[in-house]
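Colleague: Let chain R serve as the given structure and place chains V, E and U on it in line with the hints.
Chains as they are written, first to last, in the working numbering: chain R, 1 to 404; chain V, 1001 to 1108; chain E, 2001 to 2116; chain U, 3001 to 3119.
Heads up, some of the hints might be wrong.
To be verified - Label pairs and their in silico Cβ distance ranges: (1) Glu1037(V) with Glu3109(U): 41 to 49 Å; (2) Gly223(R) with Leu1019(V): 41 to 49 Å; (3) Lys2062(E) with Gly3117(U): 55 to 63 Å; (4) Ala3069(U) with Thr172(R): 56 to 64 Å; (5) Gly3117(U) with Glu1009(V): 41 to 49 Å; (6) Asp211(R) with Leu1019(V): 40 to 48 Å; (7) Lys3073(U) with Leu82(R): 21 to 29 Å; (8) Leu82(R) with Glu1037(V): 31 to 39 Å; (9) Gly3117(U) with Glu212(R): 35 to 43 Å; (10) His2086(E) with His175(R): 45 to 53 Å; (11) Glu3109(U) with Leu1014(V): 27 to 35 Å.
Claimed, not checked - In silico lysine-lysine, BS3-like type, Cα no more than 25 Å apart, as pairs: (12) Lys3029(U) with Lys1087(V); (13) Lys64(R) with Lys3081(U); (14) Lys3070(U) with Lys311(R); (15) Lys2110(E) with Lys2097(E); (16) Lys131(R) with Lys3113(U); (17) Lys311(R) with Lys131(R); (18) Lys64(R) with Lys311(R); (19) Lys311(R) with Lys3113(U); (20) Lys1018(V) with Lys3029(U).
Unchecked claim - So, partial list: chain R residues that the calculated Cβ filter (under 8 Å) puts toward chain E: (21) Leu108; (22) Thr110; (23) Gln247; (24) Gly248; (25) Ile249; (26) Gln250; (27) Gln256; (28) Leu259; (29) Thr262; (30) Gly266; (31) Tyr267; (32) Phe270.
Don't read these hints as lab results, they were simulated from the structure. Note that the structure is a prediction, hence the values are computed from the model and not measured. Quick reminder that beta carbons are idealized off the backbone N, C-alpha and C, glycines included.
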Amino acid sequence: MSKLFEIALGIITSIGGFLDVGAIATAAEAGSNFGFQLIWAIVLGTVCVVFLVEMSGRLAAVSKHTLADAIRERFGFNFYILPLIAEVIVDFLVLGAEIGGVCIALQLVTGVHFQWWALPVAFAIWLLLWKGTFGLIENGISLLGLVTLGFVVATFELRPALPALAKGLLPTVPHQDTAHYLFIAVSILGALISPYLFYFYSSGAVEDEWDESDLGVNRAVAGLGMGFGSIVSLGVLIVAAQVLHPQGIQVDSYEQAALMLTQTFGYWGFILFAASLGIACFGAALEVNLDTAYVTAQAFGWNWGENLHPKQAARFSSVYTVFVFLAALLMVIGTDPLQLTLFSMALTAVILPITIIPFLVLMNDPEYVGQHHNGWISNGVVIFTIALAFILAIVAIPLEIIGG
Amino acid sequence: MLDHEMSRELHLELLLGKLVTDSRGDRLGRIEEVRAEEQAGEWVIVEYLVGFAAIVERLSAWNIGTALLQLLGARKLHHGHCVPWHKLDLSDPEHPRLTCTIAELQGL
Amino acid sequence: MLVACSQSPQDKQGDAITTTQSWIATARMTGEAWQQGKLPDAYTEQTLIKSQQKIVQQNRSKVIPSPLSEQLQQTLRQMIADVQQHRRNTIASSLEKLSNEQHQLESLAKNRGVQR
Amino acid sequence: MDLIRDVLDNQIVDRNQRKMGKVDGIVVKLRDDRPPRLTYLETGATTLARRLHPRLHDWVANLASCWGAKQTKSLRIPWEKVRNVGIDVEVDIEAEQTSALAYEIWLREHLIKRIPGGQ
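Chain R with its partners taken away, still in its complex shape (with noise of 0.2 Å):
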């Protein structure tokens, strides 16, 4: 019984847990410039993200260390400082957006510029990071994170043609706008398989004391919290094709993909698009947060741990206490947040292969992983990945540039 309750805990959280600034984002800009076209790059985005997570929680559970520790372990710390660089930058851009996010959504509400609201947005997810445990915070935000089914809902509403979805399942590249499209596919890929939700998971997993007889709560979590967590996106995807695309807009803005919803739920719609993208945001904020310090002070060994009162954990404390409060200075100064958000999800997609590239060691090695390690459809899946992987980050480093 407490095995399924966990289960259902585990996939309410990856719900919330998963939808964040770039996957609304994303899908939003994908939905209102290409209609249908781009529902594929969230599929696949999905299937790949299920996959690795699951080996990021296997990993956890089986070895007891995070897949940071391992990298570092197997790889020496020459190696380990690449990815943990990387991900320190991209980890501070999109902690900027997420705070963003919040703020815009305080600013469609209030009517309060958002560059007034990123201070007291960063001090409450300091506080709830200070004074907050691990479960607090996975379970309690992520619930409220709930609120973002409302796209599903509201996609069954607009009735949506099934053909016309089915063919959006099929890769196409358009006769205009290619530089444009691949773009957001690349970005919408980047901001499914983030870096950050495998570090972050596995060291949830250290921090809930897994072991392996929660493999199977984890292969649950991973497979249907993530899949139901790609269907909201998929919902933002199908909405802003459905109500924005036809009258022509295309979100280059917040305040455009806040219309997503008026159409079929009026007012409420509005608060309710507000409510979707602050809460998302403001749980994606905590994780992004707290991914940070447990991947630095992973990598020194440091004690770490959101259970631990911080003056047990000086160092991962300050860390966490000193990095949000520095990525909200990035919309202090008034940084456009869906421009910052775009830009970083790309850039996630550019770090992807020295993320993902460990696990196909890692999760062959008998030591970390015993009887439990990856079979030829795990290894497949990773493999395809990386090459997937290795392409986006050729292909995005040339957009970005072009994207000026």
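Modeller: Leaving out everything else, chains V, E and U in the frame of chain R:
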């Protein structure tokens, strides 16, 4: 005496990745792993693993590594060189040298 | 647009027109939803002002002939004033004008071969 | 035992299983006619920095000497204190009584405890 003692101290982590040449100056490969054993109550170094294959071995990814390399077209992946401790001269840690030739090493 | 700087002048003009169309559509949808009481005042005002700014920004290279662009600015100013003074009944005529201008821009885009 | 794979860069835990850093360096003593003997494990930022680049070592040492806990020397743990080498390296010492936690303690006293709720 003390000075002599100090100079005889060596940081293994700095030895990692150093190019090993044989007594004639031919290159053998880079040091990738160091093996230790307990002998008569103390832990001592017994051998050094040298060469690219040693990395693969260090990552205990031998099976998947060879499978992948074969997939990429590598016909035969020779295993790394195993250098016993007494065959490696570490008096200059920047340039470790074999005290024999590569051929003699393989004949061991 | 994100890919603007790599493109030929024609593409650039096309992009400017598409972006302008997108912001006009945004203003229209916002105005209509506000009229029906589906949006808060502060958000509506901010979005209309942003639309106005974006349209001016896109028209730096004068892709839109000046009578039309002046009309557009006039209409948006009117709408913003309506929202500021909570005149839900008078915004209807502005919306009609905006829709009219939207059509003019659409035919202009068609003549230049810009497709959405 | 594979020293690079199983010891270098692995987590060090003290006798109470408290994390006290990672193995940043392994010191051996060369001897005539006898195999090199493992003498110390080293843990500390300066040792780690030297592995990345020799110049980084001086830079980190300078930084460490003027900021925070002013701990420039890495901690040396005699090999005899190593109890167990699994995925973690367990050593028979008390972390709090060594310099391994100098910065942890410094931050605790100077930053964490001064923030409300940090006591």
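Colleague: What hints, given by number in increasing order, does this structure fail?
Modeller: Structure breaks no hint.
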